[in-house]
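Colleague: Residue numbering for the sequence shown follows the numbering used here, beginning at 19 and increasing consecutively.
Honestly, the hints are just simulated from the structure, not real lab data. Any given hint might turn out to be false.
[What the hints assert, rightly or not] Here are the simulated DSSO-like cross-link-like pairs (lysine-lysine), alpha carbons at most 30 Å apart as the crow flies:
{"no.": "1", "residue 1": "K27", "residue 2": "K117"}
{"no.": "2", "residue 1": "K158", "residue 2": "K117"}
{"no.": "3", "residue 1": "K92", "residue 2": "K82"}
{"no.": "4", "residue 1": "K158", "residue 2": "K82"}
{"no.": "5", "residue 1": "K88", "residue 2": "K72"}
{"no.": "6", "residue 1": "K72", "residue 2": "K125"}
{"no.": "7", "residue 1": "K82", "residue 2": "K27"}
{"no.": "8", "residue 1": "K117", "residue 2": "K69"}
{"no.": "9", "residue 1": "K69", "residue 2": "K82"}
{"no.": "10", "residue 1": "K34", "residue 2": "K117"}
{"no.": "11", "residue 1": "K92", "residue 2": "K69"}
[Stated by the list, open to error] Across the chosen pairs, the derived CB separations fall in these ranges:
{"no.": "12", "residue 1": "Y183", "residue 2": "L79", "range": "36 to 46 Å"}
{"no.": "13", "residue 1": "R185", "residue 2": "A75", "range": "18 to 28 Å"}
{"no.": "14", "residue 1": "E46", "residue 2": "I26", "range": "47 to 57 Å"}
{"no.": "15", "residue 1": "K72", "residue 2": "I122", "range": "36 to 46 Å"}
{"no.": "16", "residue 1": "E46", "residue 2": "E149", "range": "14 to 24 Å"}
C-beta: ideal position from N, C-alpha, C; glycine also.
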Amino acid sequence: MELQQFKIKILPLRGKIFRLALKILGDEEDAEDVSQETLLKLWSNRGDLEKQPKLDAYVMLICKNACIDKWRAKQWMYNSEIDKLNCENVSPYSNAELKDAVNIVRKIIDSLPDLQRIIISMRDIEAYELEEIAAITGTKVSAVSMNLSRARKKVREQFLHLDQYRRNK
Numbered sequence: 019m020e021l022q023q024f025k026i027k028i029l030p031l032r033g034k035i036f037r038l039a040l041k042i043l044g045d046e047e048d049a050e051d052v053s054q055e056t057l058l059k060l061w062s063n064r065g066d067l068e069k070q071p072k073l074d075a076y077v078m079l080i081c082k083n084a085c086i087d088k089w090r091a092k093q094w095m096y097n098s099e100i101d102k103l104n105c106e107n108v109s110p111y112s113n114a115e116l117k118d119a120v121n122i123v124r125k126i127i128d129s130l131p132d133l134q135r136i137i138i139s140m141r142d143i144e145a146y147e148l149e150e151i152a153a154i155t156g157t158k159v160s161a162v163s164m165n166l167s168r169a170r171k172k173v174r175e176q177f178l179h180l181d182q183y184r185r186n187k
């Protein structure tokens, strides 16, 4: 795709890209960053754009994936804050146990399938509503609910198994 075609077919979608990113991320600065990243990625892969039968849908998919990447990056920043966790009202031993438990849960969540990992993080850490998660992930609310239930069950089972193993050592 040449520059002129890109200007005609892709650049008019900037507003739509920004609105989708804003809806998903809820922050104007992040939405602007994702919009720029999406346009850069599209420009870098402009040779493949002509092969896409539904260009508009493809552009929105690229934007949605960039939003998920941005959200994941924020999750790691949030997780690093957990590392700084220090409860004043508990003993150093209890505080260390709490940090260990948080790290175990984080590792279990990281081992989940992508969709379950995203859904449980969005719901239980970021407090997104099921409808918002469905819109972001492009799935039905019932599928979000089912994946959330399965993810929580896996986390619970694996945590209890590891905790029991750790206590029996």
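Colleague: Regarding K72 and I122, is the given constraint of 36 to 46 Å on their beta-carbon distance met?
Modeller: holds (43 Å)
Colleague: Given the hinted pair K158 and K82, is their alpha-carbon gap at most 30 Å?
Modeller: holds (16 Å)
Colleague: Holds or violated: are the alpha carbons of K82 and K27 at most 30 Å from each other?
Modeller: Answer holds: K82 to K27 is near 19 Å, not above 30 Å.
Colleague: Compare the distance between the alpha carbons of K27 and K117 with 30 Å, and conclude whether the hinted pair is satisfied.
Modeller: violated (50 Å)
Colleague: Given a hinted range of 36 to 46 Å, is it respected by the beta-carbon distance of Y183 and L79?
Modeller: holds (42 Å)
Colleague: Decide if the proposed pair is consistent with the structure: K92 and K69, CA atoms, cutoff 30 Å inclusive.
Modeller: violated (33 Å)
Colleague: Would the hint linking K69 and K82 be met if the CA-CA limit is 30 Å?
Modeller: Holds - the C-alpha atoms of K82 and K69 are around 20 Å apart, at most 30 Å.
Colleague: With a cut-off of 30 Å on the C-alpha distance, tell me whether K117 and K69 pass.
Modeller: Not satisfied, since the Cα-Cα distance of roughly 49 Å exceeds 30 Å.
Colleague: Between the alpha carbons of K92 and K82, is the straight-line distance 30 Å or under?
Modeller: Distance ~15 Å between K92 and K82 Cα, so the pair holds.
Colleague: Given the hinted pair K158 and K117, is their alpha-carbon gap at most 30 Å?
Modeller: Judged against 30 Å, a Cα distance of about 35 Å means the pair is violated.
Colleague: Quick check on a hinted range of 47 to 57 Å for E46 and I26, using CB atoms only.
Modeller: Between E46 and I26, where Cβ atoms are some 27 Å apart, the hint is violated.
Colleague: Regarding the pair K72 and K125, is the alpha-carbon distance no greater than 30 Å?
Modeller: violated (38 Å)
Checked against the numbered hints listed earlier, the structure breaks hints 1, 2, 6, 8, 10, 11, 13, 14; every other hint is satisfied.
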